[in-house]
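Participant: Just so you know, the protein sequences line up as chains A and B, in that order.
Just so we're aligned: 324 in full-length UniProt numbering is position 324 of the first sequence, and the numbers increase by one with no gaps anywhere.
Just so we're aligned: 270 in full-length UniProt numbering is position 270 of the second sequence, and the numbers increase by one with no gaps anywhere.
One or more of the hints may lead you astray.
[Claimed, not checked] Quick list of simulated restraints, FRET-style, between CB atoms: (1) A:V94 x B:S176: 21 to 27 Å; (2) B:R111 x A:I77: 15 to 21 Å; (3) B:S176 x A:D102: 55 to 61 Å; (4) B:G45 x A:V94: 53 to 59 Å; (5) B:W81 x A:G208: 35 to 41 Å; (6) B:L55 x A:I77: 41 to 47 Å; (7) B:L55 x A:A130: 55 to 61 Å.
[As the list claims (entries may be wrong)] Among the chain B residues that face chain A by a calculated CB cut under 10 Å, a handful are: (8) F17; (9) F71; (10) F108; (11) L125; (12) V126; (13) M145; (14) W149; (15) V195.
[Unchecked claim] Which residues of chain A face chain B? A partial, calculated answer using Cβ under 8 Å: (16) F85; (17) Y96; (18) T99; (19) L125; (20) V128; (21) G165; (22) L232.
These are calculated hints, taken from the structure and not from any lab test.
All C-beta atoms, glycine included, are put in the ideal place defined by N, C-alpha and C.
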Amino acid sequence: MAASRTAGGGARHEKPPPAPPRRNGADRPPRRASSRRVKRGRVQRGRVQRGRVQRGRPGSGAVHGQRWYAPWPYLAIPLALLVVFTYIPVVDMVAYSFTDWDGLSPQRTYVGLDNYVDLFTRPQLFQVFAVSLFYLVGAMVQIVAALYFATLLSFNVRLRNLFKGILFFPYLINGVAIGFVFLYFFQPGGTLDSVLGIFGIGPRLWLGDPDLVNTSLASVSVWRFMGLNMVLFIGAIQSIPPELYEAAALDGAGRWGQFRHIIVPGIKPIISLSVILAVSGALSVFEIPFIMTGGSNNTETFVIQTIKLAFNFNKVGLASAAAVVLLAIVLLATWLQRLLVPDERVELS
Amino acid sequence: MSAVPRALPLRRALAGFLQYLSLVLASAVVIVPLLAVVLTSLRTGQEMAANENPLSAPGNWFNLHNYKVAFTEGKMLRALWNTSFILVFSLLATVFIGSMTAYAVDRFRFRGRRLVLALFLVAALVPSVTTQVATYQVVNELGVMNTRWAPVLLYMGTDIVSIYIFLQFIRSIPTSLDEAARIDGANSLTIYWKVILPLLRPAIATVVIVKGVAIYNDFYIPFLYMPSEELGTISTSLFRFKGPFGAHWEVVSAGAALVILPSLVVFLALQRFIYSGLTSGSSR
């Protein structure tokens with residue numbers, strides 16, 4: 001069956017008859033001119049169906065009148081990597097979460113939902129979620145600030161590129177370097193204390209005070225990622241047709257009116273995407289607190305806790321349960337966002 | 001009503017002033033922490049002991065002693081080599097994997113195409129940070145734990161954003177080019193290699209820049225999968241400054257500045273590509 005198919009396909013390629021290309025040439029130009037941009041996908045799909053029906057006839061004219069196995073050599077390695085590094089870990093993780101495995105010994109016993117019960121009865125769990133709230137608030141501040149600066153820098157401002165560059169640059173800095181920069185910045189008697197001293201504000205233990213430390217760490221996160229959000233917003237604002245502003249100006253709308261009625265609706269998809277990334281980002285914070293405080297002094301995040309459970313305390317089962325919970329929350333948040341903001345731009349094609 | 005035209009210029013001037021003030025203040029917030037580190041990296045040990053204001057000028061603006069210490073004792077040369085090794089191999093692999101996937105999915109119509117697309121789409125939703133507990137075991141079983149191949153495999157295996165960038169770009173390449181090549185007798189591999197790949201150059205540049213920056217800065221994966229000290233990357237080597245140089249902020253600062261410098265150079269040289277790369281990566 002397969003052999004005969006390939007034989008047919010081979011014959012089709014060996015001697016391309018001169019007539020079909022001309023026929024293609026005759027019927028294609030108008031289609032290309034009218035609908036490639038808009039309905040290319042649909043057109044191609046239609047062509048394929050025609051190709052399938054006419055299979056066997058030489059030169060049926062599908063986009064790629066291909067043998068059935070033709071795309072798979074290109075997909076083999078990408079799919080293998082996708083399965084090995086994304087799907088197998090997810091499945092394994094769920095499986096581990098029902099066992100008491102320590103990550104080393106060959107044997108593991110099934111313990112049912114014990115890990116999940118353990119997880120939700122640990123007082124540390126709520127502590128970890130409380131820490132996430134600081135980063136969540138930080139992320140909201142970050143989005144608002146990014147929106148403000150993106151709007152400002154989309155209008156005519158002197159030294160626009162310089163300001164944009166300065167505000168964006170932190171995103172490109174190595175996370176460990178950022179950790180050290182701010183460990184130094186927040187030191188007792190360090191940069192922040194001496195700058196605030198000019199304004200008569202006394203020194204504080206920015207990283208030592210358990211009530212203050214998470215605010216400090218969350219602001220480092222805002223410092224790092226605000227510029228990225230801003231650049232994404234600027235990109236979206238620039239794709240708004242300029243006629244809209246002119247029309248709004250004719251209607252007497254000021255800056256604030258333009259912002260509310262043109263910019264915000266125009267870049268809604270990217271704003272909602274940023275909000276969803278903020279939620280999953282706040283839950284999976286790792287680098288900044290790990291580098292700066294190592295998770296001590298009230299700063300442990302969900303990921304730090306999971307990593308410690310798995311690799312320091314050899315509780316792979318429990319850590320997997322924690323990771324499954326985190327994954328479920330992130331997927332739930334993504335699903336909610338797609339539900340609330342149906343957004344064609346996030347979809348493929 | 002009559003007061004409005006007269007009040008407007010003043011209000012506008014004030015608004016303009018406040019706008020610039022906010023921009024200048026935000027820029028200061030970005031620059032001051034970095035400036036403190038640069039200034040400190042130029043101080044001598046005695047100056048540090050004198051406990052001056054961190055923002056005061058160093059005695060000698062060209063005192064590069066700390067940089068020398070950071071570079072040699074921090075084993076930065078080795079770190080640079082390890083990071084470059086990982087960068088080169090994972091970028092090459094990402095470009096080929098991303099472009100091949102995009103080529104197969106966009107230029108062929110085959111059974112299972114929607115499933116393949118869905119597999120990549122769903123995988124993009126799974127944040128890799130959540131699955132490390134199990135990924136660790138997979139890497140262990142592949143026998144690449146604590147080698148430079150572990151990060152290379154992970155960077156090429158979990159990058160779905162670059163596949164999107166290629167997919168988006170390949171759609172703008174007219175299929176008539178493929179067909180012309182086919183009529184000239186080219187097979188699908190030749191079309192990929194001679195037609196598609198060269199035309200994907202802008203997408204390749206985008207992926208290399210965006211992904212290159214991410215790999216250079218990544219801490220999590222090398223920290224978890226290459227614990228051995230000889231395999232330190234830029235990030236993990238800098239992280240190890242914490243122990244031996246813990247009290248020597250002038251050396252730690254020099255190390256941080258050394259790591260930031262290449263990012264600054266790349267940013268100044270490739271600004272436009274970085275902005276457009278990030279924008280196209282997000283609006284997939």
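Participant: For every hint, state whether the structure bears it out.
Facilitator: Hint check results:
| no. | hint | result |
| --- | --- | --- |
| 1 | A:V94 x B:S176: 21 to 27 Å | 47 Å, violated |
| 2 | B:R111 x A:I77: 15 to 21 Å | 20 Å, holds |
| 3 | B:S176 x A:D102: 55 to 61 Å | 60 Å, holds |
| 4 | B:G45 x A:V94: 53 to 59 Å | 54 Å, holds |
| 5 | B:W81 x A:G208: 35 to 41 Å | 38 Å, holds |
| 6 | B:L55 x A:I77: 41 to 47 Å | 53 Å, violated |
| 7 | B:L55 x A:A130: 55 to 61 Å | 35 Å, violated |
| 8 | F17 | 12 Å, violated |
| 9 | F71 | 15 Å, violated |
| 10 | F108 | 4 Å, holds |
| 11 | L125 | 6 Å, holds |
| 12 | V126 | 6 Å, holds |
| 13 | M145 | 12 Å, violated |
| 14 | W149 | 13 Å, violated |
| 15 | V195 | 12 Å, violated |
| 16 | F85 | 4 Å, holds |
| 17 | Y96 | 6 Å, holds |
| 18 | T99 | 12 Å, violated |
| 19 | L125 | 16 Å, violated |
| 20 | V128 | 14 Å, violated |
| 21 | G165 | 7 Å, holds |
| 22 | L232 | 5 Å, holds |
Violation of the numbered hints given earlier is confined to hints 1, 6, 7, 8, 9, 13, 14, 15, 18, 19, 20; the remaining hints are satisfied by the structure.
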